[in-house]
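Go ahead and model the full structure; you've got the sequences and the hints to work with.
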Amino acid sequence: MSNPSPKYSPHRFNRSEWIRTIPSFGWLAFFFAIPTLLILVMSFKSANPYGGFGEGWSLQAWRDMGNPSYPAVTWRTVWLSVVATVICVGMALPVGFLLGKSLPKTRATLLLLIIVPFWTNFLIRVYAWKVLLHPEGYLRQALLSLHLIDERTLLLNHEWAVLLVMVYSYLPFAILPIYAAAEKFDFALLDAARDLGASAIRSFWQIFVPGVQRGLFAALVMVLIPALGSYIIPDLVGGAASEMLGNKIAARLFVDRNWPHAAAVSVLLMAVTLFPVLFAFAQQKKESRPESPRPESAKKGAAPA
Amino acid sequence: MRLISGRHPFAIAAMGVALVFLYLPILVLVLNSFNASRYGSTWEGWTIDWYARLFSSRSQDIWDALSRSLIVATMASAVSMVLGTLAAWVLHRYRTRLQQAHFGLIYLPIVAPDILMGISLAIFFVTLGVERNLMAITVAHITFCISYVTLAVLARLQDFDGSFVDAARDLGASRFQTIVRVVVPLLLPGIMAGGLLAFTLSIDDFVITFFVKGVGSDTLPLKIYGMTKHTKEMPVINALSTLLLTFTFASVWWVQRLTGNRART
Numbered sequence: 001m002s003n004p005s006p007k008y009s010p011h012r013f014n015r016s017e018w019i020r021t022i023p024s025f026g027w028l029a030f031f032f033a034i035p036t037l038l039i040l041v042m043s044f045k046s047a048n049p050y051g052g053f054g055e056g057w058s059l060q061a062w063r064d065m066g067n068p069s070y071p072a073v074t075w076r077t078v079w080l081s082v083v084a085t086v087i088c089v090g091m092a093l094p095v096g097f098l099l100g101k102s103l104p105k106t107r108a109t110l111l112l113l114i115i116v117p118f119w120t121n122f123l124i125r126v127y128a129w130k131v132l133l134h135p136e137g138y139l140r141q142a143l144l145s146l147h148l149i150d151e152r153t154l155l156l157n158h159e160w161a162v163l164l165v166m167v168y169s170y171l172p173f174a175i176l177p178i179y180a181a182a183e184k185f186d187f188a189l190l191d192a193a194r195d196l197g198a199s200a201i202r203s204f205w206q207i208f209v210p211g212v213q214r215g216l217f218a219a220l221v222m223v224l225i226p227a228l229g230s231y232i233i234p235d236l237v238g239g240a241a242s243e244m245l246g247n248k249i250a251a252r253l254f255v256d257r258n259w260p261h262a263a264a265v266s267v268l269l270m271a272v273t274l275f276p277v278l279f280a281f282a283q284q285k286k287e288s289r290p291e292s293p294r295p296e297s298a299k300k301g302a303a304p305a
Numbered sequence: 306m307r308l309i310s311g312r313h314p315f316a317i318a319a320m321g322v323a324l325v326f327l328y329l330p331i332l333v334l335v336l337n338s339f340n341a342s343r344y345g346s347t348w349e350g351w352t353i354d355w356y357a358r359l360f361s362s363r364s365q366d367i368w369d370a371l372s373r374s375l376i377v378a379t380m381a382s383a384v385s386m387v388l389g390t391l392a393a394w395v396l397h398r399y400r401t402r403l404q405q406a407h408f409g410l411i412y413l414p415i416v417a418p419d420i421l422m423g424i425s426l427a428i429f430f431v432t433l434g435v436e437r438n439l440m441a442i443t444v445a446h447i448t449f450c451i452s453y454v455t456l457a458v459l460a461r462l463q464d465f466d467g468s469f470v471d472a473a474r475d476l477g478a479s480r481f482q483t484i485v486r487v488v489v490p491l492l493l494p495g496i497m498a499g500g501l502l503a504f505t506l507s508i509d510d511f512v513i514t515f516f517v518k519g520v521g522s523d524t525l526p527l528k529i530y531g532m533t534k535h536t537k538e539m540p541v542i543n544a545l546s547t548l549l550l551t552f553t554f555a556s557v558w559w560v561q562r563l564t565g566n567r568a569r570t
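So the sequences go chain by chain: A and B. The opening residue of the first sequence carries number 1 in our numbering; numbering runs sequentially from there. The opening residue of the second sequence carries number 306 in our numbering; numbering runs sequentially from there.
Just to be clear, a hint being listed does not mean it is correct.
As the list claims (entries may be wrong) - Within a straight-line C-alpha distance of at most 30 Å, the following computed BS3-like cross-link-like pairs (lysine-lysine) qualify:
#1 A:Lys130 with A:Lys286
#2 A:Lys130 with B:Lys534
#3 B:Lys537 with A:Lys130
#4 A:Lys184 with A:Lys101
To be verified - Here are the computed distance ranges between Cβ atoms for each label pair:
#5 A:Pro135 with B:Val387: 21 to 29 Å
#6 B:Gly531 with A:Pro135: 32 to 40 Å
#7 B:Val485 with A:Leu196: 24 to 32 Å
Claimed, not checked - Under 7 Å between C-beta atoms, here's a sample of chain B residues computed to sit facing chain A:
#8 Ala392
#9 Leu410
#10 Ser425
#11 Phe429
#12 Thr448
#13 Tyr530
Just so you know, these hints were derived from the structure itself, not from any lab. Glycine included, C-beta positions come from ideal geometry on N, C-alpha and C.
As structure tokens, this is what we get:
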């Protein structure tokens with residue numbers, strides 16, 4: 001029993017393993033991996049003037065990417081996403097800290113308060129911001145009466161509106177992983193740092209923040225990746241001047257019906273998200289494949305007789 | 306009463322700001338569902354007209370969309386519960402190259418942006434010449450739900466005691482009996498949690514459905530999106546979302562009460 005049977009050797013073909021792996025592996029290979037690779041292939045198709053894909057192959061879609069609006073939109077996508085990520089994580093750190101410090105009952109209540117709004121439909125929440133930011137809406141009127149903005153300032157259809165709603169939408173994605181790490185953090189370390197003369201701010205940055213590093217990394221990718229792929233938020237509150245790559249894909253697909261071009265823009269978005277996705281992957285691998293071998297009982301328990 | 310250990314004025318302020326921020330749009334939405342003003346930006350007195358309209362025959366298509374969403378979510382969560390549980394089981398059991406690739410395939414859909422999955426499936430279905438109906442939407446939803454179920458069941462498997470399986474086999478249970486009567490019941494909390502998450506994600510999904518769907522199979526989020534583009538219908542969405550919110554809060558409260566009672570007795 002202490003010797004793992006050769007069945008579990010990583011290099012040997014095992015028929016029952018393959019049979020059991022095929023349903024989920026096959027499904028995801030067919031409906032996820034192949035379609036993803038297909039985007040790349042189809043971006044080299046020629047466009048059908050009546051919409052969709054044409055017969056032959058062509059580089060036209062990629063030549064169209066030379067349109068100067070693409071660098072601008074790519075840049076906007078990246079900076080809005082990065083700034084939204086930094087703000088979300090910046091807010092989530094003290095919130096996660098407080099959740100970690102809270103007594104169990106307070107913690108449960110606060111967590112519930114943070115999660116519950118996100119059980120409302122995402123579209124409805126974004127739409128609520130549209131109402132709130134409307135030129136005649138409460139928020140602009142309040143800011144006007146406080147003389148914080150002047151009559152010419154519009155809140156809606158602006159990059160700042162997109163940024164605000166992105167922070168709103170993705171904040172819990174930053175709070176939850178940081179909280180999960182803060183829950184395991186030993187807060188006595190902070191007391192020790194304070195006793196040794198560190199200021200509150202210094203002990204927060206030099207002890208707490210590195211202590212929840214894993215949660216911090218998870219929060220970064222959990223916000224950055226969906227932010228880069230945003231579509232609804234710029235569509236509803238951003239207007240034409242705040243388009244992101246997601247809006248470009250939808251416009252090529254539904255407005256021009258130029259599918260090869262839509263595929264080419266998607267490849268661009270894929271390239272932009274590749275780095276954070278690889279980073280997420282590396283983090284996940286570190287976490288899910290621990291250095292210690294699995295307990296023998298689990299292996300044994302699953303072994304067919 | 307002490308709620309937090311120690312004094313942290315800055316952290317408390319950050320939490321306060323975060324909570325106000327999270328609830329502000331929801332508050333506006335609920336208020337506007339009772340606002341006589343059609344555009345909802347100024348207050349013109351109380352009304353329940355929007356609720357009346359939501360339940361009138363003029364809003365039949367909203368209810369049709371809701372039933373479509375429920376059908377898709379039920380099918381997607383059922384299929385992904387089966388595939389996801391099986392995936393978690395093999396991932397837990399074998400440590401091979403195949404499982405490394407398998408895990409990658411499970412994990413990637415979670416981190417990839419929705420819009421990419423949406424457009425790739427749209428292009429895939431068009432290339433294959435598949436009709437983009439409710440079935441196509443369900444297939445797309447299963448594809449993104451499998452991964453969440455797998456991770457939920459994997460978490461449960463981490464403290465799964467294999468000796469129960471040995472005991473069942475030693476006592477003469479067949480392999481099938483062991484799975485149905487021992488393994489599945491032990492993993493059930495994980496399977497249910499994954500299934501519930503899958504159901505929620507499916508009901509809430511807009512982007513993937515928007516790209517995949519053909520003509521005339523609007524799910525609820527797509528119907529709502531259509532309504533946001535027509536100002537006339539805005540207050541009816543507010544009424545609908547207030548009802549959905551109330552329903553959500555009520556179920557959370559109910560679940561809390563159930564689990565709370567169980568903890569006490």
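Exercise for the section: So, B:Ala392 near chain A? Judge it on the closest CB pair being under 7 Å. Expected result: 4 Å, holds
Handout entry: When the least beta-carbon distance from B:Thr448 to chain A is tested against 7 Å, hint result
Key = Check passed: Cβ of B:Thr448 comes within 4 Å of chain A, closer than 7 Å.
Practice task
With respect to the beta-carbon atoms only, verify the hint that B:Val485 and A:Leu196 lie 24 to 32 Å apart.
Solution key: At 59 Å between Cβs, range violated.
Problem - Evaluation of the interface hint that places B:Leu410 against chain A, nearest CB under 7 Å - result: 5 Å, holds
Exercise for the section: Check the following: the C-beta atoms of B:Gly531 and A:Pro135 are separated by a distance inside 32 to 40 Å. Expected result: 23 Å, violated
Handout entry: Interface hint status, B:Tyr530 versus chain A (Cβ within 7 Å)
Key = 6 Å, holds
Problem - Status of the hint placing B:Ser425 at chain A (closest C-beta pair under 7 Å) - result: Because about 4 Å separates B:Ser425 from the closest Cβ in chain A, which is inside the 7 Å limit, the hint holds.
Practice task
Would you mind confirming whether the straight-line C-alpha gap from A:Lys184 to A:Lys101 stays at or under 30 Å?
Solution key: Distance of about 11 Å is within 30 Å: holds.
Problem - Pairwise hint evaluation, A:Lys286 against A:Lys130, where the allowed Cα distance is 30 Å at most - result: 41 Å, violated
Handout entry: Hinted contact B:Phe429 with chain A - closest CB pair below 7 Å
Key = 4 Å, holds
Handout entry: Agreement of B:Lys537 and A:Lys130 with the hint, judged by alpha carbon distance not exceeding 30 Å
Key = 15 Å, holds
Practice task
Verify the proposed pairing of A:Lys130 with B:Lys534, using a straight-line Cα cut of 30 Å.
Solution key: 11 Å, holds
Taken one by one, the earlier hints fail for this structure at numbers 1, 5, 6, 7, listed in ascending order.
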